[in-house]
Amino acid sequence: MKEIALDVAVEPPKEFESLFLPVPKEYVEDAYRKDEFLILVGPQHPGSGHMRLIVRVSGDVIQEVIPDPGYVHRAIEKLAENRLYVQNIPLVERPAIMDSANLNLGYVRAIEEAMDIEVPDRAKYLRTILAELCRIGTHLYDAAILAVFLGHTTGFMYPFGIRELICESLVKMTGARFTSSFIIPGGVRRDVEKATLDWVYWATFAIEKRLKSFERIFIRNPTVIARLKDVGVLSKREAIEFGVVGPFLRASGVEYDVRKVEPYEVYDRVDWEIVVAD
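Residue numbers for the sequence shown follow this note's numbering, so the first one is -10 and each next one is one higher.
If you're looking for bench data, these hints aren't it; they were derived computationally from the structure.
Where is the CB? At the ideal position from N, CA and C, for every residue including glycine.
Warning: the hint list may mix true and false statements.
[Stated by the list, open to error] Simulated crosslink set (DSSO-like; lysine-lysine; CA at most 30 Å straight-line):
no.	residue 1	residue 2
1	K161	K183
2	K113	K183
3	K201	K161
4	K161	K198
5	K198	K113
6	K218	K23
7	K183	K201
8	K201	K225
9	K249	K201
10	K249	K198
11	K218	K198
12	K183	K225
13	K249	K225
14	K161	K23
15	K183	K198
16	K218	K201
17	K249	K113
18	K113	K161
[What the hints assert, rightly or not] Cβ-Cβ distance ranges computed for the label pairs, FRET-style:
no.	residue 1	residue 2	range
19	R111	A195	18 to 28 Å
20	I208	L73	18 to 28 Å
21	F237	I65	19 to 29 Å
22	I100	I214	20 to 30 Å
23	G164	S47	23 to 33 Å
All chains should be built: construct the whole structure from the sequences, respecting the hints.
If you want it as structure tokens, here you go:
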């Protein structure tokens, strides 16, 4: 078979070379020899586009992925340098608007610790409720996006429908679905009425009930299991070595949660269990 010369530019133009991770020339040559494709995903993604990815694919199997982060850098730290502490509250919520309460809480707690500010117990309970609502809402959002990638339309709509109860709870408590800047140094912007807290309380039961249906429709769906089983498995050892945290660490079977190990707000006053994959 006649060999075809690979006249492919594998490096960006000189004026842009600092913005991109060059594609190694051997990757292009190896891909041609091994009957593989080299796909450059991003930096302009059809989706959210957190980074540029250099993907080596053989048929439907991804052989290797090289991440190239930095494209979506927002210079938040630089922006924060010229603002007052309280002016940065809306800013720190922006990297992950779905989980804005937890980002806000981490920043505000740092201010409180530095300035030795005491927070009332009621405010701590309200902040914990907000943090948990945002955390659960983020998990539902991620589950919905996973369903989209699998082509499971019902699996996409179901968690988004459940998440509306969380968004409605946030609206009733803070006035906004997310990025409410409700948590501030010393507590929260205003108190929450008992009727609102009662509504949120009963909404959690509705969420739990609907989640059981979602588990049956999507999580335990044989087709979904067939697509995900043994794909992208991260062992306990690898998770610890790579410094993985949060639900990804627990999904690898490591029983570690900072809310238990170093509890803050009122996590040490409520009864809950760490969810760990078996």
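Hints, verified against the model:
1. K161 to K183: Holds. K161 to K183 sits at ~11 Å (cutoff 30 Å).
2. K113 to K183: Given that 30 Å is the threshold and the Cα spacing comes to 16 Å, the pair holds.
3. K201 to K161: Holds. K201 to K161 sits at ~25 Å (cutoff 30 Å).
4. K161 to K198: 21 Å, holds
5. K198 to K113: 27 Å, holds
6. K218 to K23: 26 Å, holds
7. K183 to K201: Distance ~28 Å between K183 and K201 Cα, so the pair holds.
8. K201 to K225: The given pair, whose Cα atoms are some 28 Å apart, holds under the 30 Å limit.
9. K249 to K201: 25 Å, holds
10. K249 to K198: 26 Å, holds
11. K218 to K198: Distance ~26 Å between K218 and K198 Cα, so the pair holds.
12. K183 to K225: 43 Å, violated
13. K249 to K225: Roughly 19 Å between the alpha carbons, so the hint for K249 and K225 holds.
14. K161 to K23: 57 Å, violated
15. K183 to K198: At roughly 23 Å apart (the allowed maximum being 30 Å), K198 and K183 satisfy the hint.
16. K218 to K201: The given pair, whose Cα atoms are some 21 Å apart, holds under the 30 Å limit.
17. K249 to K113: Holds. K249 to K113 sits at ~16 Å (cutoff 30 Å).
18. K113 to K161: Holds - the C-alpha atoms of K161 and K113 are around 18 Å apart, at most 30 Å.
19. R111 to A195: 18 to 28 Å: Between R111 and A195, where Cβ atoms are some 25 Å apart, the hint holds.
20. I208 to L73: 18 to 28 Å: 45 Å, violated
21. F237 to I65: 19 to 29 Å: Once the Cβ atoms are compared, 23 Å apart, the range 19 to 29 Å for I65 and F237 holds.
22. I100 to I214: 20 to 30 Å: 45 Å, violated
23. G164 to S47: 23 to 33 Å: This hint is violated: roughly 51 Å between Cβ atoms.
This entry does not satisfy hints 12, 14, 20, 22 and 23, going by the numbered hints stated previously.
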